[in-house]
Each structure stands twice: as C-alpha cells, then as structure tokens.
Amino acid sequence: MGSVNLRRLLLLLIIILLAGCGGDLLDDLNPSDKDQRPAVQTGTVGPNVGQNAPDFLISDSLGNSVTLSTALAEPGKRGIVLYFTMWCPTCDSEMSNMLSSHIPNFPDVRFYAVDYVSGTIAGTRNSELSNGYAGSGFTVLADTAQTLLNLYNGSMGTTVVIDKTGIIRSNENYKDDRLTTALTNLP
Amino acid sequence: MTKKIELFILAALLFGAAGLFSSPALAGSCCGGGGGATLIVPKFYQGMADLSFDFEKYDGFWNQDGKYTSDPAGSDLRQYRLNTGYARRFSPKWQVSILAPYVWNVNKYNSGTHRQDGLGDMTLSLWYEALDDVSVWKISNLKDLIPSLTIGPSLLIPTGISPYDGVPSDDVTGRGFYRLDGNLLISKTLHPWSASLSLSYGSYLERAVNREVDYVEPYRKKLGNRTTAAISFSYIYYVGSAGDALTGTAAFADLREADATRDDNRIANSEFQKDSIGLTIAYSSTDHDWKVRAQWNHTIKQDGWGRNFPATDIYSIGVSYGFR
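Quick mapping for you: the protein sequence lines, in order, are chains C and E.
Numbering-wise, the working numbering puts 189 at position 185 of the first sequence, and it's gapless, one number per residue.
Numbering-wise, the working numbering puts 130 at position 58 of the second sequence, and it's gapless, one number per residue.
Derived by calculation from the structure, the hints in this document are not laboratory data.
By construction, the Cβ of each residue, glycine as well, lies at the ideal position given by its N, Cα and C atoms.
Hints are supplied without guarantee of correctness; some may be wrong.
[Unchecked claim] Distance condition first, Cα-Cα at most 25 angstroms in a straight line; then the derived DMTMM-like pairs of lysine to aspartate or glutamate: (1) 38/C - 336/E; (2) 210/E - 359/E; (3) 294/E - 64/C; (4) 180/E - 148/E; (5) 293/E - 181/C; (6) 294/E - 180/C; (7) 168/C - 59/C; (8) 38/C - 335/E; (9) 293/E - 64/C; (10) 373/E - 326/E; (11) 129/E - 359/E; (12) 294/E - 347/E; (13) 38/C - 347/E; (14) 293/E - 343/E; (15) 168/C - 286/E; (16) 294/E - 39/C; (17) 38/C - 278/E; (18) 294/E - 181/C; (19) 139/E - 180/C; (20) 180/E - 112/C; (21) 293/E - 31/C; (22) 293/E - 180/C; (23) 38/C - 148/E; (24) 168/C - 64/C; (25) 168/C - 326/E; (26) 294/E - 37/C; (27) 293/E - 39/C.
[Said to hold, decoys possible] Interface residues of chain C toward chain E, partial, derived using beta-carbon atoms under 8 angstroms: (28) 32; (29) 38; (30) 39; (31) 40; (32) 42; (33) 45; (34) 46; (35) 91; (36) 100; (37) 101; (38) 121; (39) 122; (40) 124.
Next up, chain E with everything else stripped away, as it sits in the complex:
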C-alpha cells in the first residue's frame, strides 16, 4: 500500500471517529436515553463494525434559566450503554449504518435504588460521500485544500423503553419518538492535523399518546426540532516506523431542542440546550483495520452552559474494525 493511500485511510478513520464523537448521547433518569451517533465506513473499506461501552455519570442540571443546580444530596445517577454498530458500503460513494444501544439505568437516591435495563433507541443512517479529502502532508495545489464532505439522512427508531410505555421515569431507555435528521460532515486533514465540522438538524414525527405511567386521555405529542453542531481538532502521532498511529482529538458540541407541542399547542419551557467538550485518544493498528479509543465527554457545571438539561460526564471505550 502506498503512503498516500495509508494517509487517506487514516484520514477516513479519523473522520469516522469525528462522526462518532459529534453526536452527544441523550440520556438520563428524567429525560430519556439511548444512543445518538454516526458510524462512517472509511474509504477503501467495505464495512465497519463498532462496539463501545459508555458510562454516563449525572451531576446536577441546568434549569430553564440556565442556572446550574445540584442533584439531591446522596444521589448517584448513572447510565451504562453498550453500543453496537455496523456500517456497510453498497456503492463507491454510498453507505448505510445501524446503531443499537443497550442501556442500564442505575439511580440511587437516599430513598432507594432503582435499576432497569433495556434496548435503547436505534439509529439507521444513509450516507453519501460528496467530496473526498486527499489528506496531504503539504499543500502544493488548490486541490489539496478540498475537504471531505459526507451528507445523508438518519432515522431514530423508538425501540427503547419510553415514558409512554407504562413505566416510571427511572425505567426510561428511549424517548418514544421517531426522528428524521439531515446530517452533514466536513473533514480536512493536513497531516498531522485534522479538523472536522458536524451539523445535523432533526425533526421528530408526531405520535399519539394514550399511556404514561397509566392510561390517560389520548393526545398527540411532538418533540421540538433538534439541532446539533460539533467541531473537532485532531493530532496524529505515528508510533515507531511501522505506521501505528495515536490520535488525540478535542471537540466542542452544542445540542439544542426546541419546545415540544401537544395537540399542536406549544409546551412552555420544554426546550433544552447542552454544551459539551470532549477528548478522545485513539490507537489504530499499522493496517488501520483495528482501532481502539477512549473518550471523555464533559459538561461545564456552571451557569449558562446548558438549559433545562442534566449535566453529565460520559466515559467511553470502544473498538472498531474495518472490513476491506
């Protein structure tokens, strides 16, 4: 394999990592759970499998005015997620992916501990690689500045346990709504640096609700439209001379969701916002088929870094394998 193709593959792997990183998971004893990420097959690969484990630790929340508030004393709220994903290229520029999380909620309060587990909401995605990044070491002509551009829709499928399944809020592993997202990923690598921008805009489908904890008078509900934006910067360090690579990534993500509606009426103060920062360290083997990573996603527990949303830290480890 030529050096140029190796660089190309590594850049594509980085791009995939950026995609995985860019969609903060939404979870919580009070606010639903499940995964929310992307999985991209690198160039020159036919498929990619990904397995990761998340530990999300809840630590207070921001109220509707953005004021950070601590959880009740003595509480210890956690969610664990095992995420399985598979992506498959079906033409040189098109690929599909599926992601399925399995969720464990462990919520300890002074009044007792509640445990529940179940499948989270699954995500199906379709991607089109509109532009390829040639990922060079040095810019020698204008073509070297072209970033990769990948676009496509994704569908969140409500396979999790939702607040409308006759369960208390502690048992929730999903939100109970389909959501259709439009996604855009831009990435550029100038070795050893790489940067990416990820944008997505999603709209939930309205659904009927006839049950909460108990059956209720039926109504129609629609969650608010969701916007996610994330930027990341990476540095690639080659370990030895064989081509193993260690990549460090720093990222910032902003997640917003507008007010929900019920029977076409806006539900006041149901919108939310969350800003988060993250660090990732990833190791890829010489042939770049295997990649392992560790991530830390952190929210700033101060006023103004979120609104109407739990503050959390997410610790993740993951491994992916690319099929040629």
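If we strip away everything but chain C, and leave its shape as in the complex, we get:
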C-alpha cells in the first residue's frame, strides 16, 4: 500500500472516530459553569433534591430487611445517607473519609453503603468483609437487582442525604464539605 493511501486511511479513521463521539464531546472540550439543576419539584417522588425519596425494600449484608420508612423511623436519627459503592479504589477512599470524618461527627445519622455490584446478599457480605467494612460505621445494603441504583439515579460514589421526613437534601457524587453541610443542615 502506498504511503499516500495509508495516510488517507488514517485520516478517515480519525474522522470516523470523531464523528462517533456524539454531542457530549463539547461538554468536556468547553465545560459550562452554568447552574442547570432542574427546579425543585416538592411533593413529587423522585431522586432529585427537594423530592420525596422513593421507597424501597432491600436486605442488608446480614439478611435483615430495610425499607425507607423503617430506616427513617430509627429513634435518635435525623436522617440517612445512601452511598453507592462498586468496591473500587475511589469508593474505598471516600468510604474511609466518611468513616474518619462524617460518621463520628454525625452519630444522629445512619450511613448506608449500597453495594450494587455483588449481586447476592452473600456476595455483598463477602465484599464487605474483604474490603474491611464489617463492623464499621456503615450498614451495607445488598442492591442485588440494582433497584436503589435506578430509583436514585445512582452511580459510583453517588451520595444521597435524606432527612427524617423523607425529603432528599442532597444527591451528587461524594464531596467531603458538601456532605458535611448537608448533614449539618438536616432539621
């Protein structure tokens, strides 16, 4: 193959790659700092801040059933935190940060780690043990069918704060200071 043809083939490949990357390409090439959060929809059920948190029924890693209402009804608690983990380095780092900074400072909040990858209750227990979180300040939930993941539009590191009345106060990737603020502002 001649060198000119090879160069044309390469150029064509690059054009095809660029064409296939879709409309989100510009989001990273020219990021926006505009606040585009949707308006708060109070009184509706959904994953966004200000909405009523979707109810759920799920097992923890020891096989105990947990629902939203029972979690929120726990005596002495002002709210709950759902942290979505896939047992990855980032997840471990953020969970460690919560263990050292948030959990001791907010004993009136229940912290749940939502395992959405292990697939079974036994698998969740194994992951909890191998990652060193057994007996920690987290209650680990086995989201075997990724129900919570879908209900709360979660992903790795998504951190949801729900107050005692079931209103979502925060739903975004883990951020140390923003989580502190959301927990401090719980009624």
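Use these hints to put chain E onto chain C, whose structure you have.
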C-alpha cells in the same frame, strides 16, 4: 543503504517502541480511560502510522494504604482499545504526532453486565530531537556514548466520555480534563543492546463542572499533577542475514498523580500510584518500514505496588509503518 544507517534506523525504531511502551494507559470502569502514549518518527523517515489493539483486564485494586484488594466475586471487568496514531516530521529535528483511542468497556458483575463504547481522550505531541544516538556496535570514541535525547510537550484532549457527561461510571472512556505534559526521552543503543529512560510531568487544567450523573451545583475541579517515569532495556536479534530483526524489551514504569482539588481545596486521598512491568517482542522487516509488536503490561497484585488504583494486565498487539 549502509550498515551504519540501518543500525541508526533500527535504533530509532527501538526508541519509538520505547516511547510507545513508556506511558501506561489509564483506564477503568471506575477511573476513566483512554490512551496515553507517545509516537516518535524514526530518523530518516518523514512520518509514521501506528495501529494497535489493547485488551486490559482488571483484577482488583490497591486502596489508599497500598493494600491489594480483590474485586467482588464473579466480576469480570475489561476494557478494549483501538489506538490509531500518526506522527509527522516537519523539519529535520521537529515532529508532531496525534493519537486517538476508541474504547470499549465491558463490565460484568453478578448484578449484570454493562457495555459502553466511545472515543477516548486524544493526545497531541510536539517533539524536538536534541541529540542523536549514533548507535554503534563498539565504543571507539567518546561520541559513541552520546544518547539520543528527545523532548517536547504533549496535550491530552478530553474527547472521551467523562464522569461529567451525565453518564454512570461504567460508561467512562476519558477523564474530562485537558492535561499539558512535558516529556523527555533518552535512549542509547550499543548493538545488540538498547536502553531508554522516559520521564514526563503533566499538569491538568482546571475546569468547571456542572454535571455528574445529573446536574449539580457548579464547582471548579483540577486533577493532581502527574509524574511518569519508565526505564526499558532491549535486545536486538537479527533473523537470518537479510536484516530482519526481532527485538525483546523489558520495562518498568512508575505512574503517580497528586491529590485533585475542588474549588481550590484538596480532595483527600484522591492521589494514586501504580507500578508496572512490561515485556515487548517486536519484529521489524529488513527495510524496517514495517514493524509488528506484541506487549504485555503487568501489575504486581500484592500490597505496596500501587495505591488508590486498579490492578490490571494489558495485552497489546500493534503494527507501525514508517514513511520515508
């Protein structure tokens, strides 16, 4: 072509291979993806095209204390990358290159399988060949000890799907940040041996973020500065008398990235480190225009060989062609 020029070209090809090898790819279902490599046009060539295919298999990770931890039982996390690259010399000592990966993520957990593909982050590089290696068989004077020295900047362009594009982490094919690197490549060949050292230091540009999976309160984020160092040693074996060459390379690379910042505040425990070893076998034709290679990049799945980063094995095959 004289024997000396042939040796010179082969050394330059080796140098290019070392450059390709020296920058470990960063990828992963949790930590971004895309390519990260260099492509160098050998001496006496006007350009070089490169096509390679990577298969990266994830196998656990190191936590922030360097403790190796297995992935959840039943998981099978993979990334495939098709890397296209082209480098062009525009003066006797200057050249530019572009690298574009296309990425496929296939992440299987007991809870389900997730597949996503897309363009990864592209890299543009500018290189200046400050010194040439005369690549001799035997040292007869001091000039024979001079290594090749190539320096230049490169720019990582966030053309991939990033964690700030409204997608779950499984869909990520890039990191979402521009990064400007300063690169230095030193290589010396004393036939049939060759050694190279590759160093790079990069700084990400701060960017605004207003979206993760959903839109969030906007903030500014900057990933931590990145340092990469790699050394490699090669042995050239000539196949028959026609000049075809088989080259074996062993390498060690260390990758580090400092803590990221958000709104100028350090994000605790976001730094990472990864050490890896690699083996490459490459075959170049008699005229050295064509070269095929197979690579294996391996991380040691034990405590202390990384921090806050996935442990992987990368298997690659590639072919390059030099335009005279």
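Hint check against the structure, violated hint numbers in rising order: 3, 9, 11, 13, 20, 23, 25, 33, 34
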